Amino acid sequence: MSTFANTLIHWQRRHGRHDLPWQNTRDPYAIWIAEIMLQQTQVATVIPYYQRFIGIFPDIETLARASLDAVLALWSGLGYYTRGRNIHKAACLMVAHYQGRFPSNAAAIEQLPGIGRSTAAAIAAFAYGERCAILDGNVKRVLTRYFGINGYPGEKKTEILLWEKAESLLPQENTHDCMATYTQALMDLGALVCTRHQPQCRVCPLRSDCVAFRENRTAKLPAPKPRKPLPNREATFLLMIDQNSILLEKRPDTGIWGGLWCLPQLPASIDLQLCCIQYWGINAAFIADLPVIDHVFTHFKLRISTCLLQVIDRSNNTLEEQAWVTIDEALNLAIPAPVRKILMEVSSSAKFFEMSCQPLSGY
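When we follow my numbering, the leftmost residue of the sequence shown carries the number -12, and every step to the right adds one.
In case anyone wonders, no lab produced these hints; they're calculated from the structure.
For clarity, every value in this text was computed on a predicted model and none was experimentally measured.
Just to be clear, a hint being listed does not mean it is correct.
[As the list claims (entries may be wrong)] Below, simulated EDC-like cross-link-like pairs (lysine to aspartate or glutamate); rule was C-alpha separation at most 20 angstroms, straight line:
id, residue 1, residue 2
1, K237, E308
2, K76, D240
3, K152, E142
4, K152, D123
5, K212, E142
6, K328, D315
7, K207, D196
8, K152, D196
9, K328, E316
10, K143, E154
11, K144, E154
12, K237, E307
13, K212, D123
14, K237, D315
15, K143, D123
16, K328, E236
17, K76, E97
18, K207, E142
19, K207, E146
20, K144, D123
21, K215, E142
22, K328, D276
Using the sequences provided together with the hints, build the complete structure.
In structure tokens form, the structure reads like this:
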């Protein structure tokens, strides 16, 4: 076994994490759900979502039988909703083509929707003890510092070099316990010790051989992503209230918040009341502008304005992919985080209580 791998395995057994809810299992389904949720999301955030998800969808067949709406409702607030859609799609695929069984090696796992090389390797290592390298964000940081690699890890040539290093460091002992422990050790070291800011080098088991530590470059590695200012976008949502109900509409499967329930969005440069009639068949009166919300996506910033409207007549509202629901019902649907924030703030206001008590013809 390599010195690197041996050192990490011994360190993980003494100092690593051992009580996360997705650990101590070889169930590839449970491991898969955890690994997908952990993509670009902190462990502390994932834990309650994972526990709820596994409680309701304990296996592949249960997940495949569920509606996409039910899956996305549990995903609501976790972000990156494409992950939830891909999980449901993959479960349906496994039922249709694998008799409800999870693929048994990394190469086959990688063919499932939403699973890349590193995630497939992690699942295979934890579930089957397969000898394959991982390279998530934490591992990139560890290896970049350990070898003193310059260049942004997201650049192709740097990533190729990191994959080569990751492959070269794998333990020679090809047992389930060895590979699972080594894989967890890499993740734990990046999460607990070799952190992005203020790494704990004095307790790092690799410090004696770490180039960044030896050259006092830990603060400079990994090299940052070349900065590009995020473009700004604007959107106007319509919160239309009819007694105690509000209108939601389902967004297209592609684009931001694909497949989620959302407040209707006002097209740019169109008269508000005319738009309500022409687009939704609703006669509504403007009540107030709600506080503006700023929401940051990976590739742009979105400034959201919301108009509060009292419905006068919705007898011509017959469009599909829409629903009139109470706010409590809406909060149990798959809705984007900004919409959840808007609804929670409005539901506690006196203005909403006053409007929700008015009959349809009372305005």
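Item to complete: Compare the distance between the alpha carbons of K152 and D123 with 20 angstroms, and conclude whether the hinted pair is satisfied.
Response: Given that 20 angstroms is the threshold and the Cα spacing comes to 13 angstroms, the pair holds.
Item to complete: With a cut-off of 20 angstroms on the C-alpha distance, tell me whether K144 and E154 pass.
Response: Answer holds: K144 to E154 is near 16 angstroms, not above 20 angstroms.
Worksheet item: Do the alpha carbons of K76 and D240 lie within 20 angstroms of each other, as the hint requires?
Response: 13 angstroms, holds
Fill in: Holds or violated: K207 to E146, with C-alpha atoms at most 20 angstroms apart
Holds: K207 and E146 sit about 17 angstroms apart, inside 20 angstroms.
Worksheet item: Hey, K207 versus E142, does the alpha-carbon distance stay inside 20 angstroms?
Response: 17 angstroms, holds
Discussion item. What's the verdict on K212 and E142, does the C-alpha distance respect the 20 angstroms limit or exceed it?
Written reply: Within the cut-off at roughly 9 angstroms; holds.
Worksheet entry | Distance restraint between K76 and E97, which requires alpha-carbon spacing of 20 angstroms or less | 14 angstroms, holds
Worksheet entry | Hint consistency between K144 and D123 [alpha-carbon to alpha-carbon, up to 20 angstroms] | The given pair, whose Cα atoms are some 16 angstroms apart, holds under the 20 angstroms limit.
Item to complete: Compare the distance between the alpha carbons of K143 and E154 with 20 angstroms, and conclude whether the hinted pair is satisfied.
Response: 17 angstroms, holds
Worksheet item: Does the structure keep K143 and D123 at a Cα separation of 20 angstroms or less?
Response: With a Cα-Cα distance of about 14 angstroms, the restraint between K143 and D123 holds, given a limit of 20 angstroms.
Worksheet entry | Pair hint outcome, K212 versus D123 [Cα-Cα no greater than 20 angstroms] | Holds, at roughly 16 angstroms.
Worksheet item: Holds or violated: are the alpha carbons of K207 and D196 at most 20 angstroms from each other?
Response: 17 angstroms, holds
Consistency note: the structure conflicts with none of the earlier hints.
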